[in-house]
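Please construct the entire structure, taking both the sequences and the accompanying hints into account.
In order, the protein sequence lines correspond to chains Z and D. For the first sequence, the UniProt record's numbering gives the first residue as 1, with consecutive numbering after it. For the second sequence, the UniProt record's numbering gives the first residue as 1, with consecutive numbering after it.
If you're looking for bench data, these hints aren't it; they were derived computationally from the structure. Check each hint, because a few of them may be wrong.
[What the hints assert, rightly or not] If you anchor each label on the Cβ, the simulated ranges turn out as follows: (1) D:Asp227 - Z:Phe260: 37 to 45 Å; (2) D:Gly108 - Z:Ala107: 48 to 56 Å; (3) D:Pro246 - Z:Ser115: 38 to 46 Å.
The C-beta atom is built at its ideal place from N, Cα and C for all residues, glycine as well.
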Amino acid sequence: MPRSLSRVPPILLLFVLVPLLVEGFWVFWPALQGFWLALTNWDGVSPPQFVGLDNYARMIDDPVFHTAVTNTAIWLVLFGGLSAVGGLGMAVLLQKERRGVGFYRAALFVPVVFSLVATSLIWQVLYQPGGIFDSSPLADPDTAIYAVLVPALWRQVGYVMVLYLAGLKGIDPGLYEAATLDGATAWQKFRHITWPQLSSVNSVVLSVIVIDSLRSFDVVWSMTRGGPYHSSELLSTYMYSTAFQSLKLGYASALAVVIFVLAFGVIVTYLVRAFREN
Amino acid sequence: MDRRHFLRVTAAAGAGLLVSGTASCATSASSGPVAQTAGTATIQSNLSAPAAKAAIDALVKAFNDRKGSQVSVNTVASETFRTQLPSYLTSANPPDLFTWYPGALLTGYEKKGLLLDVSDVWQTMGDYPQAFKTLSGKVFVPTTTYWWSFFYRKSNFARWGVTPPNNWTEFVELCKTLQGKGVIPLGMGAGSDSPWTASAWFDYFNIRINGAPFHRELLAGRQRFDDPKVKAIFTPWREILPYTDPNGTAIGFQEATTAMLQGRTAMFLTGAFFADAAPKDALEDIDFFRFPIIDPKVPLAEEGPTDGFFASSKSPHVKELKEFLTYAATVEGQEVYIKNSSGTILPTHPKAKDSGTALVKKGRKHLEEAAEITQFFNRDSSDALQPTADAALVKFLQQPDQLDTILTTWQKAAEQVWSS
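Have a look at this one:
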């Protein structure tokens, strides 16, 4: 081993170590500090006060936290589920090269190009009272979260579609030919060729949608700010308002830790399962 | 919030702009602390809306042209400014001066020893009314103020054959008459990104019924939101809910402004700053009346949010920054600022000239007549308490029968803010 290590040119080591140091200082170190801050009470000005697990205990009695968790779960299932199903559906539909297919692919991909804040503005206008709806679904606490979900989905479907399109291109056409010769139906081909062949793309898509749903923030913040009265609050928006409006940075860090654990938990569970299957 | 909040919305374009001031250069990323240049004091400014930015630039230019001490401006987006303020103040090398407003947040920083005592600047400000002095304490120098009231269009009131009310009974009558004519009497823009506008109603009901001292105590955490006295203010509010725009919690501040200007709603409780965005031809037609008196025994209070400057206690440029503050508080400094700013703000120096329009003259008198000035919900309490008010008040507008639960929840949420 020492021999092979010494064969690494120093310039290469430099190329690896310098970015690692930068990343460590600007990304990992603050992230680790977040874990420590989660155990403190901190207003951003006075020195942080150590309070142990109080911040986590507080979540148990915090009704807004409960709403935020429920909404994040709804978001994960609907935003994640529908964008995966929708994206895959669109990709399969638009997979074959035929006339005009490029136009449809581009049309579905266009929302991805827009900034989510711009997207939210467009949808806000659509939702205006007297527009499509008589009263704005954003103002109704029972519908606000779903009203915000639609524009987020509108964008995400196009993104997931592109990921799946790339995956579909990678499948050996010979497999389909063989299946056709064997008299397989379209569904059988999808079930036994397309789906298994997409397994590597699936893990990418899963990671992307889990991460994207947990960090969904801009679309909710710019459309409702988590309102009316916290009904469309996600963990991410609640974390932001706790940190930067209420200046409770300790509690906000604890919320950030919860988000991290959720994201990490889901992805690790999936990866472990995926490795086992292999 | 209020004006700043509004400016933040309208001036997204100005966001993050780095202004290098005049003589010297402020070279830093827009969100970080500013590199100090020897002898030049730096102002960290959140006035990113074009009119406000032009005003502070003009003030700084006028000051620097006197060939005394020099200052430079570093403009950052107001949301960045607000979230970064604690970092600015606790950094080893903070900017010298900051644009801000007096209130609970500033008092908190003062107690932590982060702010510079500018009492000697106040020695030069003998003409200022006691109200501003009380508001500012030892650490703040006020430069501009504005007022809140019910705004309406004169031509519309004439067309509907109605006149501004003098008291609560007349106000309710006016609403009834207008509704009979098919107009929505009261505008509201508490939806979208401006739920805070509902707080103006809360503030006014409270200072009209319980008075300004009780209001301040409540906002400082020395009274309770579930107190029967607080509950009582929602009785007259309920009385006028049927006359309030049913879309009031669905539309934002801008749309509510447009609705009033276009005559879909008759009047709108707002700060004078809304007129800055109004079309020129509508400006002449805009008038206002004060939030109606409900209990004549309660001393008259008005909302008059005040803006100005404070300084960091770590500043190495004490002489320069005090010279600037002194200048900004003079008649000359104030007039330079007002002349270059939007049309609706008022100087804090009683002898400084305002923009001279009928609206502004009336607004100045409107504030002078008040025995007490309150700031606005978030200024008299804190930005941290504002979201608790937003949640409670928007819920009240939508589900007024839930009042008891709303006030209990509000008190609980407020205690969380006060205890941290």
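Evaluation of the provided hints:
Between aspartate 227 (chain D) and phenylalanine 260 (chain Z), the C-beta spacing of about 41 Å keeps the proposed range 37 to 45 Å intact. Roughly 53 Å separates the CB atoms of glycine 108 (chain D) and alanine 107 (chain Z), a value that falls within the hinted 48 to 56 Å. Against the hinted window of 38 to 46 Å, the Cβ-Cβ separation of proline 246 (chain D) and serine 115 (chain Z) comes to about 32 Å, which falls outside the hint.
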